[in-house]
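Each chain sits in its own coordinate frame; assemble them with the hints.
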Amino acid sequence: MTTGELVCPAGTPAALRTAVDAGADSIYCGFQNATNARNFPGLNFTPQELGKAVQYAHEKGAKVLLALNTYPPEGKFGLWREAADLGADLDVDAYIVADMGVAAYVADNHPDKRLHLSVQAAAASPDAIRYYVREFGVRRVVLPRILTIPEIREIKQEIPCEIETFIFGNHGLMVEGRCSLTNYATGLSTNMDGVCSPAHLVEYRRDAEGGMATRLGPFTIDRFGPDESAGYPTICKGRFCNSEHPEGYYAFEEPISLNLSRLLPELMDAGVNAFKIEGRQRSRAYVKKVVAAFRAAVDDIRDGLEPALSDLAALTEGQKQTEGAYKTKKWR
Amino acid sequence: MTPGLTIGPIHYFWAAEKKRDFYARIADEAPVDTVYLGEVICSKRQPFFDQHLPEVAERLSRAGKRVVFSGLAEVMLKRERKACAELAGQNELEIEVNNAAALFHLPPGRRHRIGPFMMVYNGETLAHLAERGATHVTVPVEMPATSVAGMAQRAAALGVGLEVQVFGRAGLATSARCYHARAYGRTKDNCQFVCEEHSDGLPLDTRDGEAFLRVNGIQTLSHSYVNLFAEVPAMAEIGVTDLRLLPQDTDMVAVASVFDDIRNARIDTTEAEARFDEIPIEAPFSNGFWYGEAGHRRIEANARPLA
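Residue numbers (numbering that gives the first Met the number 0), protein chains in the order written: chain U, 0 to 331; chain W, 0 to 306.
Hints are computed from structural coordinates only; laboratory data are not their basis. Some hints here could point you the wrong way.
To be verified - Here are the simulated lysine-lysine pairs, DSS-like style, with alpha carbons at most 25 angstroms apart:
1. Lys-62/U - Lys-155/U
2. Lys-112/U - Lys-75/U
3. Lys-43/W - Lys-328/U
4. Lys-77/W - Lys-326/U
5. Lys-329/U - Lys-43/W
6. Lys-155/U - Lys-112/U
7. Lys-43/W - Lys-326/U
8. Lys-51/U - Lys-287/U
9. Lys-319/U - Lys-329/U
10. Lys-319/U - Lys-288/U
11. Lys-43/W - Lys-18/W
12. Lys-62/U - Lys-288/U
13. Lys-62/U - Lys-112/U
14. Lys-77/W - Lys-329/U
15. Lys-288/U - Lys-59/U
16. Lys-77/W - Lys-328/U
17. Lys-155/U - Lys-81/W
18. Lys-59/U - Lys-112/U
19. Lys-81/W - Lys-43/W
20. Lys-81/W - Lys-328/U
21. Lys-155/U - Lys-329/U
22. Lys-17/W - Lys-64/W
23. Lys-288/U - Lys-51/U
24. Lys-319/U - Lys-287/U
25. Lys-326/U - Lys-155/U
26. Lys-62/U - Lys-51/U
27. Lys-43/W - Lys-77/W
28. Lys-329/U - Lys-81/W
29. Lys-155/U - Lys-328/U
30. Lys-77/W - Lys-155/U
Isolated chain W, as found in the complex (with noise of 0.2 angstroms):
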């Protein structure tokens, strides 16, 4: 079957403006199937496009979109533990877990999804969560194909979806403090939003001059682009329903269109990576994580096109 096509919570910080015109051209332009809002990240930045999802909601649905929101990866403050307890509790959207938290306040049995910060790496974990209403899984971005495989068995059985990032810097750690702030010499509580400065994450290269990590406030991400292109007819086959693809700060629908034409066999891999050089992107692309090696590696695919 084909995979579902999906666009990510953004995880840096966008002004409001950017991330409205964002998401209007995804509505017009781009060809995904699911669309996920809603800040993930820093619970600080949610004031600032609260106010604006409703009517951005409403546009990707209008253009024929499956909306769903997302909730906060780390959960400590008061402020978070309201934002996790509001999300679980409403009843008109379809929502995607990022911390237990929000799980705790889940009426029985309601139907939600389980995000990648959620860490669902086994069946087993899969089946307490689908038991109790999960019906839609995103894998950590390190999980090996391997592995992947027999998550998609599980999943097919229990009826639930399972989907994984194929596009996008991996997120690689969290943490309470943030490292944006910390290299302006501030703290968290006083970041003066540091990270809106670096639309794409701030670089951390080792002293050797080699681009390595990327800050996004309290987030550590790769260098790195994630890119499973070549790797899509695989993940069709061995049952994956949904392919993630990570808002960058780049041309986010000519991304898409690639992997839409992938996924329904239009084009192959090699042209498939003709049009990726035509897409204005710095970092440099890896796929170690899927075939089991380092994440930062970019490994030949024995790739072919869809049957």
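Bound-form chain U, shown alone (with noise of 0.2 angstroms):
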């Protein structure tokens, strides 16, 4: 098994190729459904344009894989069937999935087809991992953005299949994959519909002082004064109110961005197989200078240099950077 594989976001066509040239080992993108978790107007795949982008990164000796990470509702499990069959015919190289039932069917249908156990299925322990590599043949899990690195030093000697870890980017407070927030307050559901937050459901609405209300579907999710800069409403980044915060506090995570650079030697020597980046909704500007810069440094690592990293700090949102739970169990 190879360490250190990079595995980059792509939206559109174009950042695929971006990422491919950059250096990216694999891609992981979606179709333009509820079929991936970022069913975002503008962003993803036609069929013929994953075929085109498949033999692109083939061409080069890059991998592609398919997020199929939602989960399908009873009565409309046929879309997520088709995308399956879509990528198989389209000669992706492996599927990510959350939902045990589109893991069943891709496990029974195209057994040949590499299966990835998506962070949307909040497998945290070797105990939940073996049961989707025993009961599907899960050849690899994504994990958390919530264990510290001892942990995942330890659960890589129980489990028999590889890590991907998130080095790069959104970081996500909230178990993945079981989060109904953004449902309860828009109606569209994550988990069910790929969207978290949707764009057209957001309002920037400025006060009479000239300050800045956000808000999702009918909620508040914060107020920024004149001099601050208004951040996307998130709920899991917004600031609320109670009596122990009256003015308002981030209840959950400060607007902050995962950057796990300097951990990468460590993660690597945890038995970490992949690191991958969040990101398929960010543009092609983005993906080429965070994926070169992290070539960079995995390259380095391997040949046993000290990585340099210091271009990414202006990358990342609002220019706050944490290391989240991998540093430390007193993140939670």
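Next up, the structure:
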């Protein structure tokens, strides 16, 4: 098994080519519908685009991983079935799945394809991971962003499959695949529809004093003063009030980006096989810069050199970064 | 067929004495068929009530209630893995699994229930689990009626029970981080069990002063109480076998009695509404998820009594 495989996002065919050219080992992407967890307007691939993208990636020695990582509600399973079959026809290298029904379908109908367990399945223990390996032949688990490096090391020793961890991008706070906050506010479900804080239900409302309220559906997620820059209203990154914090506080987490660049050697040593960069919604320029920087870093580490990653700080949300749960249990 | 009525596991951290009193009253007075026991949210809370579980279970059984032991939703630490293995390994009790870690430890074919944290959204997942011994599934709280109807058909064909939460705050998210501890500047390891101070959750209001969410340790809940009393006749018709009431810090016996009357067509929804007005509940009711709308909404049901 190789370690340090760089798994990179692509929301568009152009981003995919960019990521491949910048040195990605694998690219993950999805179709233009609810079968993947970044079902945003203007993102993702038509079948024709995906076919060409796979061809491009394969010519350059990169792999394409198809995200089928949402939960089909009863009555709509056919859409996920079609997406899986289409993926096989288009020669994708692996499927990233969360739902047991989808995993069973792929295992039964496309047994020659690799199955990766999405972070959306929320398998955070060796026991849970081994269930998916035993029942569906899962070859790799994408670990939730909640484990410390010693914990990852221990898990690795107990599971018969590869580990992929997030190293850069959005810092998810809730257990993924278990969050209905967006649906509570908007009527669109992260699990069933593949959306989180959908842009068409977001509103930036300026008040009389020059401040800004950011809203999702009918709820104010945060308020900003005239001198503050207003963040995107994601519920788990909003400010709310209670008796302890009458003026409002980041009840879940501050808007902050995950950046594990300094921990890469430790992660590799702990047995992490693949590093995932979040951001299928990001621009080509972003993808190019991030992928190239991490490519150089991983190559440096493999060559026993100290990696240089100073440029990446500038790309993180609000310039603030965290190593989140990976560094310390105190995060919890 | 008249659906069964169940009391789901207590999601909040109530003191042992409060829990014992609660279950004693449920045993003596609540017209429910099944009671789910056990801590599902936080493994740190487990030692405080584990010792009382046998006695409470016996009391409920003697009162004619079916007792089911529910497992943890989040499993990561050694003690949580051990709790899962123990739950799956014992022979005496009926269990509800809320994490795949417990599925791993179940002996082949062992009968068990699947809880709402397992995210069973479709018949394919249901069939996979039923083949491995699942006898009963509670669907996620966000599941719309259109999908529940299809699920109920699939469940009936598989001989599996299908349960829907009809009362109580909607569990909207869980995390590895304890937001209750965070509100007090603490961490999960150093929480000092501050969650015990909020028997119905810690409010999170918007900065405009609107009640929005509640924090319960690692869990985030809705401010509104899901209340699907008006939808009970429709649920019975589509084949939902059990209706789950999630314990809130209010008069749950009175809540159970309204649902019992409405499932048996002894009262109509107008009377049910009037009865709920008498119960001390501050939060608004919501039913949006059931209609495929935003969960916080309350939508007028096109309701009629059970035939």
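Each hint tested on the structure:
{"no.": "1", "hint": "Lys-62/U - Lys-155/U", "in the structure": "holds (23 angstroms)"}
{"no.": "2", "hint": "Lys-112/U - Lys-75/U", "in the structure": "holds (23 angstroms)"}
{"no.": "3", "hint": "Lys-43/W - Lys-328/U", "in the structure": "holds (15 angstroms)"}
{"no.": "4", "hint": "Lys-77/W - Lys-326/U", "in the structure": "holds (19 angstroms)"}
{"no.": "5", "hint": "Lys-329/U - Lys-43/W", "in the structure": "holds (16 angstroms)"}
{"no.": "6", "hint": "Lys-155/U - Lys-112/U", "in the structure": "holds (22 angstroms)"}
{"no.": "7", "hint": "Lys-43/W - Lys-326/U", "in the structure": "holds (22 angstroms)"}
{"no.": "8", "hint": "Lys-51/U - Lys-287/U", "in the structure": "holds (20 angstroms)"}
{"no.": "9", "hint": "Lys-319/U - Lys-329/U", "in the structure": "holds (18 angstroms)"}
{"no.": "10", "hint": "Lys-319/U - Lys-288/U", "in the structure": "holds (18 angstroms)"}
{"no.": "11", "hint": "Lys-43/W - Lys-18/W", "in the structure": "holds (16 angstroms)"}
{"no.": "12", "hint": "Lys-62/U - Lys-288/U", "in the structure": "holds (20 angstroms)"}
{"no.": "13", "hint": "Lys-62/U - Lys-112/U", "in the structure": "holds (12 angstroms)"}
{"no.": "14", "hint": "Lys-77/W - Lys-329/U", "in the structure": "holds (17 angstroms)"}
{"no.": "15", "hint": "Lys-288/U - Lys-59/U", "in the structure": "holds (19 angstroms)"}
{"no.": "16", "hint": "Lys-77/W - Lys-328/U", "in the structure": "holds (14 angstroms)"}
{"no.": "17", "hint": "Lys-155/U - Lys-81/W", "in the structure": "holds (18 angstroms)"}
{"no.": "18", "hint": "Lys-59/U - Lys-112/U", "in the structure": "holds (20 angstroms)"}
{"no.": "19", "hint": "Lys-81/W - Lys-43/W", "in the structure": "holds (13 angstroms)"}
{"no.": "20", "hint": "Lys-81/W - Lys-328/U", "in the structure": "holds (20 angstroms)"}
{"no.": "21", "hint": "Lys-155/U - Lys-329/U", "in the structure": "holds (22 angstroms)"}
{"no.": "22", "hint": "Lys-17/W - Lys-64/W", "in the structure": "holds (20 angstroms)"}
{"no.": "23", "hint": "Lys-288/U - Lys-51/U", "in the structure": "holds (23 angstroms)"}
{"no.": "24", "hint": "Lys-319/U - Lys-287/U", "in the structure": "holds (21 angstroms)"}
{"no.": "25", "hint": "Lys-326/U - Lys-155/U", "in the structure": "holds (17 angstroms)"}
{"no.": "26", "hint": "Lys-62/U - Lys-51/U", "in the structure": "holds (13 angstroms)"}
{"no.": "27", "hint": "Lys-43/W - Lys-77/W", "in the structure": "holds (12 angstroms)"}
{"no.": "28", "hint": "Lys-329/U - Lys-81/W", "in the structure": "holds (23 angstroms)"}
{"no.": "29", "hint": "Lys-155/U - Lys-328/U", "in the structure": "holds (18 angstroms)"}
{"no.": "30", "hint": "Lys-77/W - Lys-155/U", "in the structure": "holds (15 angstroms)"}
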